[in-house]
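Protein chains: 2
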Amino acid sequence: MKNGLLAILILASISLMCSCNNKAPDISQKTSTIADPLSSWNEGASKTSIIDFVTKTTKEGSADFIPVADRIACFDNDGCLWSEQPLYFQLAFAIDRVKAMAPEHPEWKTKQPFKALLEGDMKTVMAGGEHALLEIVMTTHAGMNVDEFSKLVKDWMATATHPKTGKHYNEMIYQPMVELLHYLRDNGYKTFIVSGGGVDFMRAWTEEAYGIPSDQVIGSSQKVKYEVINGKGELIKLPELNFIDDKEGKPVGIHQYIGKRPVFTAGNSDGDYAMLQYTTTGSGPRFGIIVHHTDSTREVAYDRTSSIGRLDKGLDDGVANKWLIVDMMKDWKVVYPQ
Amino acid sequence: MKNGLLAILILASISLMCSCNNKAPDISQKTSTIADPLSSWNEGASKTSIIDFVTKTTKEGSADFIPVADRIACFDNDGCLWSEQPLYFQLAFAIDRVKAMAPEHPEWKTKQPFKALLEGDMKTVMAGGEHALLEIVMTTHAGMNVDEFSKLVKDWMATATHPKTGKHYNEMIYQPMVELLHYLRDNGYKTFIVSGGGVDFMRAWTEEAYGIPSDQVIGSSQKVKYEVINGKGELIKLPELNFIDDKEGKPVGIHQYIGKRPVFTAGNSDGDYAMLQYTTTGSGPRFGIIVHHTDSTREVAYDRTSSIGRLDKGLDDGVANKWLIVDMMKDWKVVYPQ
Numbered sequence: 000m001k002n003g004l005l006a007i008l009i010l011a012s013i014s015l016m017c018s019c020n021n022k023a024p025d026i027s028q029k030t031s032t033i034a035d036p037l038s039s040w041n042e043g044a045s046k047t048s049i050i051d052f053v054t055k056t057t058k059e060g061s062a063d064f065i066p067v068a069d070r071i072a073c074f075d076n077d078g079c080l081w082s083e084q085p086l087y088f089q090l091a092f093a094i095d096r097v098k099a100m101a102p103e104h105p106e107w108k109t110k111q112p113f114k115a116l117l118e119g120d121m122k123t124v125m126a127g128g129e130h131a132l133l134e135i136v137m138t139t140h141a142g143m144n145v146d147e148f149s150k151l152v153k154d155w156m157a158t159a160t161h162p163k164t165g166k167h168y169n170e171m172i173y174q175p176m177v178e179l180l181h182y183l184r185d186n187g188y189k190t191f192i193v194s195g196g197g198v199d200f201m202r203a204w205t206e207e208a209y210g211i212p213s214d215q216v217i218g219s220s221q222k223v224k225y226e227v228i229n230g231k232g233e234l235i236k237l238p239e240l241n242f243i244d245d246k247e248g249k250p251v252g253i254h255q256y257i258g259k260r261p262v263f264t265a266g267n268s269d270g271d272y273a274m275l276q277y278t279t280t281g282s283g284p285r286f287g288i289i290v291h292h293t294d295s296t297r298e299v300a301y302d303r304t305s306s307i308g309r310l311d312k313g314l315d316d317g318v319a320n321k322w323l324i325v326d327m328m329k330d331w332k333v334v335y336p337q
Numbered sequence: 000m001k002n003g004l005l006a007i008l009i010l011a012s013i014s015l016m017c018s019c020n021n022k023a024p025d026i027s028q029k030t031s032t033i034a035d036p037l038s039s040w041n042e043g044a045s046k047t048s049i050i051d052f053v054t055k056t057t058k059e060g061s062a063d064f065i066p067v068a069d070r071i072a073c074f075d076n077d078g079c080l081w082s083e084q085p086l087y088f089q090l091a092f093a094i095d096r097v098k099a100m101a102p103e104h105p106e107w108k109t110k111q112p113f114k115a116l117l118e119g120d121m122k123t124v125m126a127g128g129e130h131a132l133l134e135i136v137m138t139t140h141a142g143m144n145v146d147e148f149s150k151l152v153k154d155w156m157a158t159a160t161h162p163k164t165g166k167h168y169n170e171m172i173y174q175p176m177v178e179l180l181h182y183l184r185d186n187g188y189k190t191f192i193v194s195g196g197g198v199d200f201m202r203a204w205t206e207e208a209y210g211i212p213s214d215q216v217i218g219s220s221q222k223v224k225y226e227v228i229n230g231k232g233e234l235i236k237l238p239e240l241n242f243i244d245d246k247e248g249k250p251v252g253i254h255q256y257i258g259k260r261p262v263f264t265a266g267n268s269d270g271d272y273a274m275l276q277y278t279t280t281g282s283g284p285r286f287g288i289i290v291h292h293t294d295s296t297r298e299v300a301y302d303r304t305s306s307i308g309r310l311d312k313g314l315d316d317g318v319a320n321k322w323l324i325v326d327m328m329k330d331w332k333v334v335y336p337q
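Residue numbers (numbering that gives the first Met the number 0), protein chains in the order written: chain A, 0 to 337; chain B, 0 to 337.
In case anyone wonders, no lab produced these hints; they're calculated from the structure.
Ideal Cβ placement from N, Cα and C applies to all residues, glycine included.
Hints are not guaranteed to be accurate.
To be verified - Listed below are the simulated DSS-like cross-link pairs for lysine-lysine, each with C-alpha atoms no more than 25 Å apart in a straight line: (1) A:K189 x A:K55; (2) A:K329 x A:K166; (3) B:K312 x A:K224; (4) A:K58 x A:K189; (5) B:K189 x A:K189; (6) B:K259 x A:K222; (7) A:K153 x B:K246; (8) B:K246 x A:K224; (9) B:K231 x A:K55; (10) B:K231 x A:K246; (11) A:K312 x B:K312; (12) B:K166 x B:K150; (13) B:K163 x B:K332; (14) A:K108 x A:K122; (15) A:K246 x B:K332.
As the list claims (entries may be wrong) - Label-pair restraints from in silico Cβ distances: (16) A:K110 x B:M121: 22 to 28 Å; (17) B:V67 x A:G165: 30 to 36 Å; (18) B:G230 x A:A62: 20 to 26 Å; (19) B:E239 x A:V67: 29 to 35 Å; (20) A:S282 x B:K108: 36 to 42 Å; (21) B:G230 x A:R303: 31 to 37 Å; (22) B:A157 x A:G60: 24 to 30 Å; (23) A:A62 x B:L237: 32 to 38 Å; (24) B:G230 x A:G128: 32 to 38 Å; (25) A:G60 x B:K108: 52 to 58 Å; (26) B:E239 x A:G43: 45 to 51 Å; (27) B:M100 x A:G43: 38 to 44 Å; (28) B:S61 x A:T158: 30 to 36 Å.
Please model the complete structure; the sequences and the hints are all you need to start from.
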């Protein structure tokens, strides 16, 4: 992809990502009954360090014991809990929405960036920069109430498929990370998503996919307006940014929504650096994870030069910061649920 | 109080209220073991209607059954979970902070509204309008990190006392409402605070007082900024408004923070009208409560003309909207914990 894409796609994460409301494998029951709660992780230092941390922080009398009320664990979503290539899944949703809405918008035949998008000319779309992307997202994510938007996302998730894998997007969640979420919860941790993606987009499917309820999903958001329509109170999505939950916005979002410094955080890109730093520079036991995309066979290998999910500073500083760098190729038995 | 106070004190709720970190009676254990989970409620239509709603919505097979994931209950704080007279407790905190900070601010001897406040001339302070109140709140609630602010609130709660009752402010929570919170949670409801008060002020004490964790407290907020200080990530409170969680802002806050329409909501003033309306105009079983301050002996009697917690439209429409109007004098055996 072109260089200019980088800024654009970071901006895209303002409200972009993917989702699912059906087909998510029911892992919750399985992990509770099997002997190894992290069975999709290969034996080795990564798996051991996670188990050691959870064990020592949950053992009464341990010097590193953390009370249940403080067991706050935060996870990025794109590239950390599910895939994000070749472009944020929420952007795929937005593009599909433009196509679906086109018949009602004949003016798009001559209006950019819609004209280019409808002609499949993504190069021109991307050349429009942040402004073009934002216009696409706001056009497709506003002008309806929040329930209507949620239904659109769920319907899309049930039908759309990924261009490379052919899977539904909600089938491209990471099995080892889903197990990690369950393992933490089984040990009294409260799990949150803290993502640059759009919060309304995520909430349509994250509860089913990850077992994380909507109020524990923090993301970028648009403003909504309260209106009484035919006697019923409704919240209408406005084409206006409310909050960007990325980079330094992540610790800010954590404070505004959770109100406590996490003790455990997982991310995969430099957009998660501040959140990892905020987590692990607190006092007492802390754990930071960077999921490193090393597997070109089962997923996609990318880091320092990727326009999506770029991981550069995190790779430089991760070891010194004592963050666990998870090697997807070596550490994971499987990537997606079977 | 003067008329102009009304707008001021509503504005004050942007960031005002009270708090506590010790002395909160440990009701959690008691209510789980006693036979009547609402023992501080007098027998009668109010108590019966609450129990009927919870029973029918939690009984498998009932036509009104609500899945656990959708059992969202929201509570206003000031005047609903604790007292709010003669002025929002958070404003009492802010005033005490001005006094404590005065030695470092000799310029306040000649600068309004601080000069008047330090001289005990509240009439002049209030004559300064919203601007004066906002300046007092922002001055006392910013310029430090979030942990330092939380400690100030906790320290104040442990020492300050209410001018009329002589109680610590955290002892002025409503015992019947605390029981209601526990009763709902014991029946699978997730309880949230949705208050015009400052979220950082509340979180310093609401977990202990009500058993509601910080991430389930929604309130008005200031902006915070992420900074790395001596290698440690910190969040600094800025003297700038982020969100006002009052009136139509309450359903907006509910959406941004919870992402689901509640099925149960309690409030006490017209500031809660939109939240009650949003809740009870959803489909399926819904329950709305207005706590009506009718008890001039054990608390304070006020409604339509009060500058704090004014209840006017809610009284007019409450019955037609099928909201339960709780009569504090008749419905409650006790007001505060013994």
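Honestly, do B:G230 and A:G128 meet the 32 to 38 Å range at C-beta? For A:G128 against B:G230, whose Cβ atoms are near 36 Å apart, the range 32 to 38 Å holds.
Satisfaction of hint between A:K189 and A:K58, Cα-Cα up to 25 Å: Distance ~17 Å between A:K58 and A:K189 Cα, so the pair holds.
Is the straight-line distance between the alpha-carbon of A:K246 and that of B:K332 25 Å or less? Violated, at roughly 52 Å.
Just to be sure I understand the hint, the distance between the Cβ atoms of A:G60 and B:K108 should be within 52 to 58 Å; is that true here? Because 54 Å falls inside the window, the suggested range holds.
Given the hint that B:K231 pairs with A:K55, does the C-alpha gap stay at or below 25 Å? 23 Å, holds
Tell me if the beta carbons of A:K110 and B:M121 are separated by a distance inside 22 to 28 Å. 58 Å Cβ-Cβ, so the 22 to 28 Å window is violated.
Quick one: are B:E239 and A:G43 within 45 to 51 Å, going by C-beta? The hint (45 to 51 Å, Cβ to Cβ) holds, given that B:E239 and A:G43 are roughly 47 Å apart.
Cβ distance range 24 to 30 Å for B:A157 and A:G60, holds or violated: 28 Å, holds
That 20 to 26 Å hint for B:G230 and A:A62 (C-beta), does it hold up? Taking Cβ atoms as reference, B:G230 and A:A62 lie about 23 Å apart, which means the hint holds.
Given hint B:K150 paired with B:K166 - CA-CA distance at most 25 Å: Roughly 20 Å between the alpha carbons, so the hint for B:K166 and B:K150 holds.
Going straight from one Cα to the other, do A:K189 and A:K55 come out at no more than 25 Å? Answer holds: A:K189 to A:K55 is near 17 Å, not above 25 Å.
May I ask you to test the hint 31 to 37 Å on the CB atoms belonging to B:G230 and A:R303? Because 24 Å falls outside the window, the suggested range is violated.
The structure fails hints 7, 11, 15, 16, 21 and 27 (numbered hints given earlier, in ascending order).
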